[in-house]
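Given the structure of chain A, go ahead and fit chain B onto it with the hints provided.
Listed in order, the protein sequences are those of chains A and B.
According to numbering that gives the first Met the number 0, the first sequence is numbered sequentially starting from 0.
According to numbering that gives the first Met the number 0, the second sequence is numbered sequentially starting from 0.
Wrong hints could be hidden among the right ones.
[As the list claims (entries may be wrong)] Distance condition first, Cα-Cα at most 30 Å in a straight line; then the derived DSBU-like pairs of lysine-lysine:
id, chain 1, residue 1, chain 2, residue 2
1, A, K57, B, K67
2, B, K343, B, K325
3, A, K205, A, K325
4, B, K205, B, K237
5, B, K57, A, K57
6, A, K205, B, K147
7, A, K67, B, K57
8, A, K67, A, K57
9, A, K147, A, K237
10, B, K205, A, K147
11, B, K325, B, K205
Calculated from the structure, these hints are not laboratory results.
2 protein chains.
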Amino acid sequence: MKTTPITAALLGNLVVAGLLAQQPARRPPPEPPIQSPEVHPDRRVTFRLRGPNVREVKLNANWHSGEKAFLRGEDGIWTLTIGPLEPDIYNYTYSIDGVTTIDPHNPAVKTGVRPASSVLEVPAPAPAFYDVRAVPHGAVHIHHYQSKATGQTRRLHVYTPPGYAGAPNRRYPVLYLLHGAGDDDSGWMHIGRAHLIMDNLIAEGKTVEALIVMPFGHILPLGDLRAGWERQNQLVEKDLLEDVIPFIEANYRVRRDPDSRAIAGLSMGGGQSARIGLGHPDLFHWVGMFSAAVREPASNEALQRFLADPAKSNAALRLLWIGCGKDDFLLEANQQFVALLEAKGIRHTWRLTEGDHSWPVWRRYLHELLPLLFRQGRT
Amino acid sequence: MKTTPITAALLGNLVVAGLLAQQPARRPPPEPPIQSPEVHPDRRVTFRLRGPNVREVKLNANWHSGEKAFLRGEDGIWTLTIGPLEPDIYNYTYSIDGVTTIDPHNPAVKTGVRPASSVLEVPAPAPAFYDVRAVPHGAVHIHHYQSKATGQTRRLHVYTPPGYAGAPNRRYPVLYLLHGAGDDDSGWMHIGRAHLIMDNLIAEGKTVEALIVMPFGHILPLGDLRAGWERQNQLVEKDLLEDVIPFIEANYRVRRDPDSRAIAGLSMGGGQSARIGLGHPDLFHWVGMFSAAVREPASNEALQRFLADPAKSNAALRLLWIGCGKDDFLLEANQQFVALLEAKGIRHTWRLTEGDHSWPVWRRYLHELLPLLFRQGRT
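Okay, chain A solo, but in the shape it has when bound:
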């Protein structure tokens, strides 16, 4: 092991006691920090931007219909105050001289496979269903696995409930939970709070304890997607059936009967859940579609088979849960899909809710779906 010799010159610099810099500061002093967003006690929210040379600042937030333009102070700090807002977790961006980007002062950032956005959390008076509470907590495990279906080393997240490690002889049901086109396999944890929602429901005795497996839903390079959605969905299905499920069943104590296997997802992942879940009623008896990108049953053989024999499909499925917000741009597609199910006589739960194509809706859908899963008998 090479040790650099201490030179006499260096030693000469030594002072006997308290010799180390208390706040080493060869760097230029930073500008005073800007707090943005600031949530006031009355749940109004102030956004800020230090931008003395900027000419225009706007808030991009489709959940906010009021004033969006910031005002410039004499100190070069722009501000906008809105609300009061309902307690929730919101995403937003700034428009700075026409450029859409995050709030540069806010460390809370939603990342994924598309450009980032900022995160605003308006706390509730008591911890919300998605907050960290002083309850027993499960764990989230991040794995890489070799996917034969795609030839890739891929990543997934797995939630195990609080009692899992201490119950070596118990097997659990599994929910496969799929993300949207802008996210990755960490999205349902980081922004969806799936693990905390489940911890809290379990603590309240409101749900069956289960694992939640969150795989990665992109396989093709994003640039290829406009031509390649169908190809990607085929690969996602193959990866899930031939690699993800075997990996989970080899490495976790899970039940393997279709009554103990659910699949649900949002947007792109909702479409994948329909394709995979409804296309394989021998594997999945619980299916959830959140603001789903439901597409082209005519071109999907497995979905056609599911639709072609309603009696058989009804006998297999325990729950087909479909939710969409009134302001979601995918509402019409979902209404058409639901109408098709109605016309065919295929049982389902249809929830037309407030909200648009956004995470506040999907957290609530998961919170509503989890207590319905893996119950005895048909929901």
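Frame of chain A, contents of chain B only:
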């Protein structure tokens, strides 16, 4: 379960086959995507920004000493090409009309407790020591635990090596790995790639298989820190000794002798490692300090005890590894600490390397440290 009735009017909208929107598009068509950064085959890198109304764009990157100003094209797209760059993972931000923020077009973002930065990865011809390779992979586990020392529900990350789950009777040594002031407990994984570095070293047979525990190093609100560093470091120590280590030893198969316990960290976490590791030679026999914020041994009783009895300290410690870059703003403090060790005759390894206060340095330090840990005999 409430099911919204399908109305006749809605059913009337049905077309018999292929009825679902192929690309539901009530949203305005998005602008064509901008690729930024683009890494060219010769490892030059082009940064871009769509900003027709912007007056000035600059690159903030202390690893780049050349041109930093973007040029505006007639299409309103600003560009800057630099390099070629050495293969590595770099952090950068933009200055857009004087506002420091991420590259809005780049989904790769480093997050933490301070404002985000963008991530540029320049791939090497063959996978680097921090890349995902087709080798056996360990897993990273995310836990919440009740910290009695702080009264908080806190989070930590734990890496287990590839063979861990399959070796139920084996106990492993543990490295406690601490992050810097801008990061959180996910930093050593997300940006440090600690799990992948360990996977690759294990696959090459170059290191002893060990767990890596990555706790969260902030306890006080960030705004209080300028007055509260000493208080925070006391709490971090108390939390680690009284909550983190007991949690790990209760939930993972780890060895509990000090020869099997290491602590290392970067910057703030390097200072904490010195405080906790050198202050408790009964618990830790391996200590690593990466660009450490080493401060005030005169005011730290445990560190004073360590320095006061060099013979005892030398007999206990297996390795005290200290690294700092030539361009690091903490270099002088580290040199003074090393000189103090020299003056006292306390054995250590001092690595004065290229680099500044940044992640490319710390990934390499971890890659250099891991093979030295938990070996038989003194390194």
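Structure-based check of each hint:
no., hint, verdict
1, A:K57 to B:K67, "holds (27 Å)"
2, B:K343 to B:K325, "holds (24 Å)"
3, A:K205 to A:K325, "holds (27 Å)"
4, B:K205 to B:K237, "violated (33 Å)"
5, B:K57 to A:K57, "holds (22 Å)"
6, A:K205 to B:K147, "holds (28 Å)"
7, A:K67 to B:K57, "holds (27 Å)"
8, A:K67 to A:K57, "holds (5 Å)"
9, A:K147 to A:K237, "holds (9 Å)"
10, B:K205 to A:K147, "holds (28 Å)"
11, B:K325 to B:K205, "holds (27 Å)"
Going through the hint list in order, the structure does not satisfy hint 4, though it satisfies all others.
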